[in-house]
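Sequences listed follow chains X and U, in order. Quick note on our numbering: the first sequence kicks off at 1 and runs consecutively. Quick note on our numbering: the second sequence kicks off at 1 and runs consecutively.
Rather than coming from a laboratory, the hints here were simulated on the basis of the structure. The beta carbon of each residue, even a glycine, is placed where N, CA and C say it ideally should be. Possibly wrong hints are sitting among the right ones.
EDC-like mimics (lysine to aspartate or glutamate), calculated; alpha carbons at most 16 angstroms apart, straight line [said to hold, decoys possible]:
1. U:233 / X:470
2. U:244 / X:313
3. U:233 / X:171
4. U:233 / X:274
Between beta-carbon pairs, the in silico distance windows are [stated by the list, open to error]:
5. X:186 / U:145: 41 to 47 angstroms
6. U:211 / X:376: 34 to 40 angstroms
7. X:89 / U:5: 25 to 31 angstroms
8. X:402 / U:213: 23 to 29 angstroms
9. X:186 / U:339: 52 to 58 angstroms
10. X:85 / U:243: 43 to 49 angstroms
11. U:12 / X:183: 53 to 59 angstroms
12. U:18 / X:411: 28 to 34 angstroms
13. U:279 / X:83: 46 to 52 angstroms
14. X:408 / U:279: 37 to 43 angstroms
15. X:402 / U:243: 32 to 38 angstroms
16. X:402 / U:191: 48 to 54 angstroms
17. X:267 / U:18: 56 to 62 angstroms
Chain by chain, the residues run as shown.
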Amino acid sequence: MSDTGSSANNQHPRLELKGITKAYPGVLANDRIDLKILPGEIHALLGENGAGKSTLVKIIYGVLKADAGTIRWNGDLIDIATPHAARKLGIGMIFQHFSLFEAMTVTENIALSMPGRQNMADLSKRIVEISENYGLPLQPDRRVHTLSVGEKQRIEIVRCLLQDPKLLIMDEPTSVLTPQEADKLFLTLRRLSEEGVSILYISHKLDEIRSLCHKATIMRGGKYISECDPTVETAKSLAEMMIGADLKAPKHDEARERGPVRLKIHNMNLDSTDQFGVDLNLINFEVRSGEILGIAGVAGNGQVELLEALSGEALCNNPAEILLENEPIGNLGPAQRRKRGLAFVPEDRLGHGSVPEMSLVENAFLSAYGQKKLIKNGFIDTKKTRQYAKEIVEAFDVRTAGVSHAAESLSGGNLQKFIVGREMLQDPQLIIIAHPTWGVDAGAAAAIHQAIIDLAAKGAAVLVVSQDLDELFAISNRMAVIAEGRLSVSRNVQELSIEEIGLLMGGTSGSDSKKEFESVA
Amino acid sequence: MLLKIEKRPEASQLMVYATPILALILTIITGTVLFQLLGVDPVEGLRNFFIKPIDNTYGATELFVKATPLILCAIGLSVGFRANVWNIGAEGQLTLGAIFGGGVFVYFHDVDSVFLLPLMVVMGAIGGALWAAIPAFLKTRFNANEILTSLMLVYVALLILSLLVHGSWRDPDGFNFPESRLFSESATMPILLEGTRLHFGTIIALFAVLGTWIMLSKTLIGFQIKVIGAAPKAGGYAGFSQKKIVWFSLLFGGAMAGIAGVSEVSGPVGQLLPSISPGYGFTAIIVAFLGRLHPVGIVFAGLLMALTYLGGETAQINLGLPVAVTGVFQGMILFFLLACDVLVNFRFRFTLFGKAAS
């Protein structure tokens, strides 16, 4: 693991990207991205979800091929065709989700990823050597399923280090770690950096980046925004660059009367069932009749868990943690909550909000059969269900050749309109909408926003969870931010600035935002 | 060059229904080669296998006799398969159905009542359902794989039957043969056509088909089964309980297989023997898939599979071929069906190494 960069090499950046462009159908994921990483530099790649970070990393690691642009490695123009080629150059990557065989030992797992046959005894010795050298304690004979998440990550790191990397790519490594484990990881990374290994560190956690990284490249909406020195920037200025200060000021019809509290969440705690999930920690908020509450946050900060708890797909430990019209519903399943006037639009249209291969008629039945009384004498009332599907299609301008067509045959925007319509036409008291316009064309997005505002105007309480700040500023009356399973206090949108939201989204600690999270509890 | 298998954007609906026929044609072609290799004239072989068994009234009714347990088991299994519940143990549930149903006669052999047979059928359904309740419990409580548990229970069921007919249920006048008493008139399925073995069980099977069809297309529980099978998350979103569906589909499949077991012992078999089924419960898995998990498809698939049993027997008698021929033909049909399915849903593409299309 010695610094192999000769003095001649050191004049060149280890990796230099120029004008990297990658388009997917309908979206430019990377638009002329530049990136320069020096030997021994810890370089942050900072951006919101959907900023194009993972596309860029996949191009560097040879998983994807760029449409345009050049890659230079130690000054030489190269073409990274496959991950194998990337590894040969000395690029190692540690993914957020590990690829380990749970039933095998640490050594066996590492041997599997090494080229050729391995002498297991030698390999064990080398694993111990490296792990001691870099402060990554690992017992080579332990089976993976007995290890903690932090230890599993160490296997991945040691696996990379064994191949003597020159550049290590880490995709949000601390998202699965406890703060203590994260501190240990930082020590290791600093050590590697001193030895000349470059590290590309992907994250949206501003504090981490400021304390760890030498340089930061900021991306937004697929574009290169700037390169800066995070140690001299403030969390505020980084957040501004990450989110963009060019958001339009929201226009709001504040004359609207707000009614009584419809939904009240009181000290909700919930452990995630997913090992990569986020536990909910003392969530408190309420939604009043006639208002739209927006919850912002970077994906993977507890939104999935919060939505499951609200829809009833996950049940609360204490029923009184969720009060709908002052009645505890935390122990009721989705069907019973619907009966009490709750409607829900999930994030994933295909496979969660709808059954892809079923017709629109059947998908109309899916969540509306109780509210719309679509069962007669124990049998499905096909005629009435078909009528309801047609009603949705007409009222929400869903473009489809007919209601007998499968949900998966619709475009994203049209299917979303159908699902939103199906929920709204059940006259809900409270509607919870996750990412209402994610991947939806502008026309459909505008129609959905209008429908949400109209429904609130009629007196329903609306909760919108979204990553799209433009959207939230445009439609919500109040906003709160979820970060690491905790929800900030909600504030009127007029009183909020972009920086505040950005700081909250970055989960910065030790600043005002910490108080903001704690003041709720 | 690299071979890549990628999913077709949309499978042709025509092909989805045409593949069972295509699979049959491929089986016949391969069968021709097989007969050739065995030194049998292929035309004669195929005639003996597919036509001769059913060119007379008795043969034709035998087709329904064999198809009855297959259709009953398959219709039960298809409900589970639709919900992604992989009950492989219909053979065991059939056996338990026969034990529970036959047990009623063993204990009431001197009772002559019109209620005896209905009671046997009900008890058979309960027996099959109870046997299927074990994998259902293990699945919902411990997340144990139902494929393994249901399959292993088949062998337990066969041993229980063997224990009973060798032991306490042995016919006292049976010269120590491992058999129960011969079932009396009132414990036997009524014959539908004089001079044949066509019995009332076939009617029960047809009602089961009709009932399942209505259940799947017209009721909430049927809708739930389809949703949970196709998109479990959407099922959770709608408030359908996955556990409930696991229980329902296993109990339903077990009950159907149990009825098949009673209809066999109180129909063509006529008593409890150590072996009461030539693997109907396993063949039913093929029947369910060959019939595209659709009730009507299952009727046709059941008849076809029944024909392979009859054809195998004819081929044994007339051509001196081994009994394994039946299994080979059944296996070929399933193999070709699955292979065709892969090609309907996926396509092969050759790509140059390292230039994989993104």
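Going through the hints against the structure:
1. U:233 / X:470: Distance ~29 angstroms between residue 233 of chain U and residue 470 of chain X Cα, so the pair is violated.
2. U:244 / X:313: 15 angstroms, holds
3. U:233 / X:171: 28 angstroms, violated
4. U:233 / X:274: Between residue 233 of chain U and residue 274 of chain X the Cα gap is close to 15 angstroms, so the pair holds against 16 angstroms.
5. X:186 / U:145: 41 to 47 angstroms: 42 angstroms, holds
6. U:211 / X:376: 34 to 40 angstroms: 19 angstroms, violated
7. X:89 / U:5: 25 to 31 angstroms: This hint holds: roughly 30 angstroms between Cβ atoms.
8. X:402 / U:213: 23 to 29 angstroms: For residue 213 of chain U against residue 402 of chain X, whose Cβ atoms are near 24 angstroms apart, the range 23 to 29 angstroms holds.
9. X:186 / U:339: 52 to 58 angstroms: 54 angstroms, holds
10. X:85 / U:243: 43 to 49 angstroms: Holds, at about 48 angstroms.
11. U:12 / X:183: 53 to 59 angstroms: 57 angstroms, holds
12. U:18 / X:411: 28 to 34 angstroms: 30 angstroms, holds
13. U:279 / X:83: 46 to 52 angstroms: 48 angstroms, holds
14. X:408 / U:279: 37 to 43 angstroms: 38 angstroms, holds
15. X:402 / U:243: 32 to 38 angstroms: 36 angstroms, holds
16. X:402 / U:191: 48 to 54 angstroms: With Cβ atoms ~50 angstroms apart, the hint holds.
17. X:267 / U:18: 56 to 62 angstroms: For residue 18 of chain U against residue 267 of chain X, whose Cβ atoms are near 60 angstroms apart, the range 56 to 62 angstroms holds.
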